[in-house]
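K.L.:
Listed here are the chains, written in short residue letters.
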Amino acid sequence: MLDRLAPVRQAQWDAAMATLREIDPGNPNLTEVATPGSAPSQAALDRLEAAVKAAAIRRVADRVMPGGVPIGVVGSSPDIAVLPGGEKAATELFSYLQVGTKPYDSDSSKTIVQLPQNGGFLTLRPRSRSGAPAIDINVLGITLKRIHFRWERDGCPRPFH
Amino acid sequence: MVALDRFINECLEESKVDYVGLWQIAQTTRERFGAYTTEDARELSLKVVRRLYEKGLRPGDYWGSDFNYWPDEGCQAALDRIEREWIEAGADPNLAEPICWFAPHPG
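Protein sequences, first through last, are from chains A and B. So the first sequence is numbered by the working numbering: it starts at 1 and just counts up by one. So the second sequence is numbered by the working numbering: it starts at 1001 and just counts up by one.
Since the hints were derived computationally from the structure, they do not count as laboratory data. From a predicted model like this one, the values you see are computed outputs, not experimental measurements. Among the hints, erroneous ones may be present.
The calculated lysine-lysine pairs, modelled on DSBU-like cross-linking and capped at a C-alpha distance of 30 Å, are [stated by the list, open to error]:
no., chain 1, residue 1, chain 2, residue 2
1, B, K1055, B, K1016
2, A, K102, A, K88
3, A, K53, B, K1016
4, A, K53, A, K102
5, B, K1016, B, K1047
6, A, K110, B, K1016
7, B, K1016, A, K88
8, A, K88, A, K110
9, A, K53, A, K88
A short, non-exhaustive set of chain A residues, derived as facing chain B with CB atoms under 10 Å [said to hold, decoys possible]:
no., residue
10, T91
11, S95
12, D105
13, Q114
14, Q117
15, K145
We put the beta carbon where it would ideally sit given N, CA and C, even for glycine.
Turn these sequences into a full structure, and let the hints guide you.
P.N.:
So this is what it looks like as structure tokens:
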């Protein structure tokens, strides 16, 4: 019986593997291979895509909340962090976080990217309301939702630790 | 109630330096207050929004540059609009489709 969706699943599988390789080169799911000569089953594809989503969320979480503790110092709430370094630090961190994501929208006032498999959204805003850059983290399960990047001259409030 | 009061105060503090997104409120209802479905999140978020409105925050559209306040037709009108747009979306607001953000009353 002809499996008309086989090429679609194969393409999705290849894309998911490429994304996973980018996000987490050591991920054990990268060694999983579909049956030689045939496209992956939908169940196998679902498992792989779930692994990609988990890896993408873990990559962000491990960077902004290593060991479950937010980086930087506490802002207006436990969900908000403050880091020094201004735009340079914000851009560097965002460059790391956006690996494996898809561009969603971008202009001079913001960049929005989407994590794979509807894992959530991240934004970089060069100027928040206070004027300093900010990264927003809209990923369910990552309780840190925003990082403000102060200019060095502004100093920092009390630390998380 | 103490936890909700604390969250309200956190939003008010954050509004002094940056806009507070409805997405932040929605996500917090799930992470801190046990909202499981988007209906739960909406119900709890609207309670938070009401309190924020009473404390002087107002909703508006924002995407990185200017903040455009919604016409201020009172708290209930704001709640109704948020509820309507949330139901239409069928999912929690997020950074891509935030419905609204909050900033201190312009006056």
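K.L.:
Please go over all the hints and tell whether each is borne out by the structure.
P.N.:
So, going through the hints one by one against the coordinates:
1. B:K1055 <-> B:K1016: Status holds; Cα separation ~13 Å.
2. A:K102 <-> A:K88: OK: A:K102 and A:K88 at ~22 Å, within 30 Å.
3. A:K53 <-> B:K1016: violated (34 Å)
4. A:K53 <-> A:K102: It holds: about 13 Å lies between the C-alpha atoms, which stays within 30 Å.
5. B:K1016 <-> B:K1047: holds (21 Å)
6. A:K110 <-> B:K1016: Holds, because 20 Å separates the two Cα atoms, which is no more than 30 Å.
7. B:K1016 <-> A:K88: holds (24 Å)
8. A:K88 <-> A:K110: holds (15 Å)
9. A:K53 <-> A:K88: Answer holds: A:K53 to A:K88 is near 28 Å, not above 30 Å.
10. T91: violated (15 Å)
11. S95: Since the shortest Cβ distance to chain B is 18 Å, the answer is violated.
12. D105: holds (7 Å)
13. Q114: holds (7 Å)
14. Q117: violated (14 Å)
15. K145: Hint on A:K145: holds, closest Cβ of chain B at ~5 Å, below 10 Å.
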